[in-house]
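2 protein chains.
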Amino acid sequence: MPTSKKRIHLAAFMNAGPMGTVGWRHPEADPGFLTAEYYTSVARTLEAAKFDLVFIPDSLAVPRSLGGSFAPAVTHGAGTPRLDPIPVISIISAVTSRLGVVSTSSTGYSAPYSVARSYATLDHLSGGRAGWNVVTSFQDAEAQNYGQPALPARPERYARAEEFLEAVTRLWDSWGDDSVIADRASGVFGDAETVHAIDFVGRHLSVQGPLGVPRSPQGYPVIVQAGASPEGRDFAARWSDVIFCSHDSLESAVEFYADVKRRAADHGRDPDQIKILPAIAPILAPSRAEAEEKHRVFERLVDPVAGLSRLAYHINFDLTAYDLDGPLPDIDVQGVQGHYREVVERARRTGMTIRQLGSWYGARTEGDMLGSAAEVADRLELWVEAGAADGFMVIATQVPTAFAEFAEQVVPELQRRGVFREEYEGTTLREHLGLRRPERGEWRNRARSGGAR
Amino acid sequence: MPTSKKRIHLAAFMNAGPMGTVGWRHPEADPGFLTAEYYTSVARTLEAAKFDLVFIPDSLAVPRSLGGSFAPAVTHGAGTPRLDPIPVISIISAVTSRLGVVSTSSTGYSAPYSVARSYATLDHLSGGRAGWNVVTSFQDAEAQNYGQPALPARPERYARAEEFLEAVTRLWDSWGDDSVIADRASGVFGDAETVHAIDFVGRHLSVQGPLGVPRSPQGYPVIVQAGASPEGRDFAARWSDVIFCSHDSLESAVEFYADVKRRAADHGRDPDQIKILPAIAPILAPSRAEAEEKHRVFERLVDPVAGLSRLAYHINFDLTAYDLDGPLPDIDVQGVQGHYREVVERARRTGMTIRQLGSWYGARTEGDMLGSAAEVADRLELWVEAGAADGFMVIATQVPTAFAEFAEQVVPELQRRGVFREEYEGTTLREHLGLRRPERGEWRNRARSGGAR
Ligand SMILES: Cc1cc2nc3c(=O)[nH]c(=O)nc-3n(C[C@H](O)[C@H](O)[C@H](O)COP(=O)(O)O)c2cc1C
Ligand SMILES: Cc1cc2nc3c(=O)[nH]c(=O)nc-3n(C[C@H](O)[C@H](O)[C@H](O)COP(=O)(O)O)c2cc1C
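Residue numbers (full-length UniProt numbering), protein chains in the order written: chain A, 1 to 453; chain B, 1 to 453.
A hint or two may mislead.
[Stated by the list, open to error] Covered by chain B, per the in silico footprint, the following chain A stretches (three or more residues, Cβ under 8 Å):
1. 97–109
2. 132–146
3. 189–199
Rather than coming from a laboratory, the hints here were simulated on the basis of the structure. Don't be surprised by glycine CBs; every beta carbon is placed ideally from N, CA and C.
Construct the entire structure; sequences and hints are all you get.
The following block contains the structure:
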């Protein structure tokens, strides 16, 4: 086994609800996404295949992407239902012993004390396997479920996120690693000298502390982010241990990778301590032609309006207000979430009608990974060697078969090539990812305030 | 088996952290309260004993009960650590199949969309076993962890709680029981006609809806509350399915029971659809004398300052500012949480010094249930027959042995007497408790607005 090759990390992307636009409709899809068994059985498959982690995204609303109405999302099952991801990763942690468990919480609609406590709790209960995907959210409907008239502008969202991360990491550091003594003879439980309030006072939020939970096994649960805009990249380069992204081409993936690692180095961080995982949605078949045929099954299931609903949700722009058989109107791509700009630009370049865009986008799969296990493994190795990725986030087109096929076909192929583990070497998610455990006080190196607050 | 007797319901009170003032110090206490195994193993014991539910309380701060400092709480392990209860009940639900799982969330420091979603999720994932203990919180330190200078006054807390419950129940009702169609052939996932926004606009909070989670197995997860003040009793009588309380005497328990059931009837509810469960902390031994000896083990472990810290936390009044060997100062019992007024009154009546009160309160066990299994069973039956209880919330003085002893000794005794189930008759928590499943729209019968909003 060639040991000089760079090892690949694997994350699995699973909604707490049906997958994608038509995931629930696919003939192989398990309809049990409101039951515990659905999640625990996939988790067992992923752990047997030695995945680094399972990741659950989140959205705090039924999308109101078309004409301000939630009805299309309900009718098509697009972007809804979405369960609370925290109970989902909790139950997954209870039936696994190595798999990392990562879920998403927004800095816009929750409080740092609550988020710090949830992930510290999960880190304790899972024995050091928890991670938090930090999002600033992007739908007006989410703001409206939390008493706000509309989504705040991106700079304001990231300003709040910055304070939020500083407060959360300081809460995680409010107990030292040795603060719990628990000496029954003397009756001393904690070393109060080493437990500190944080007395954080920001412009957007304030927290007194200390946290009611001792420092957790990983020091900080793994911090994940997926910023794509310049603000988002800077934020991720400072705070994140893992970065998810989505690219339509190898070129844009390489640009993103180099840019974020350079930003990290500029902030004084070791770029190797940030793992970048582009999203891919492999479609496996004995040959590329058969994989394309398999993909056509999806295309036939996708209603163009469901595709436009998903797109409207991602780009916050409703195309159904225009003639579906006409060309794309002007869309201000600066206002669009970073990763999705490429989508709009590509559609314009290829001259699609709005209806064609809906069909294409509804059935679109990330990373163009269609083919045999060997072909997909070739592409994964190519991306890593080209400097586009430290690993991948595998999106299942439908659950559970897409994960099962990846586990049965691609994982052994990667293991044969010596680029993926055959056994877990450690027990914590940081160990799987090759990330060191942050010392107490690490937040000073990551916060924009640098500890000056 | 005499079947005419009223059946008793049993809940188990378990902190997401050490028990009581000295629970961690007790020689039989499992020190693993930061691990999953601690909770899952107790849950298995409780399910084997056919308990209705396990209940996890919550507190959103390290108590700053003495001189505004959190140090005594850390030093004594009194009221801290406290994990997030939602992951705890999630993992419990994953290793059990019948036991009800109830945790606590405050209406003061979270948002209705989040709370509605968490418990609806748990209700789906557990197959209809979830419950929410509604609290309005009572410590300044909690407010200060959420950007507020101090705890709002009780009327304001209950005014917000009222809006919160109306919003949450309406979110639970935003999908109908038949809204999910999931017809693969036609591609129709949901019946959008039957899914409604709630457009709730209150004085304290606003929520648009609909919830991103379909109506859950129990319709509404079981609603639990423990109000003791007149405001709290009125709120509980309208909203609750289950009411927890704490009484030092049978007389006060009878008064409370009659008052709350009458209030429920006044609001047009069937009083039998509200289950009142006083807290008890049994200490079991072959005889009462031996049980008292066993209790003395606790008393010796309790530092009077730890006891005063616990009391200060419960009554929001710091007695360490006074001479510990002097008498109680004047305490405004109207400002004190209802259940704890009795404690203050009793201490004054018996002429304890502050130090004696600290020792006594730190080792105090609810309900005066010391003795053999037969004696404890006698008292439980007496309380039920006297009209003080529909069942009990069993507090473990230490985990796991106190639960194990109750399960091994008292449960079989109650079963022999025909007052406790030998097998679960149903699968949902509502079925265990003999509570009917609320129809969609039930919130109108419970909300003060009566649906006029
Ligand atoms: C793989 C991936 C997963 C994401 N998951 C979520 C999510 O669960 N919830 C969410 O609100 N945003 C999610 N996002 C959006 C990002 O958090 C971020 O807002 C987006 O990439 C735009 O970047 P920007 O904030 O810099 O504009 C995800 C993005 C990617 C690429
Ligand atoms: C058995 C029991 C359990 C309770 N659990 C909690 C809890 O977990 N968190 C909390 O903030 N308050 C808890 N409380 C306090 C009640 O929610 C309530 O605030 C208290 O009984 C005072 O009533 P009042 O609000 O009417 O003054 C509990 C009370 C009792 C009796």
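Hint check results:
1. 97–109: violated (count 1)
2. 132–146: holds (count 4)
3. 189–199: holds (count 6)
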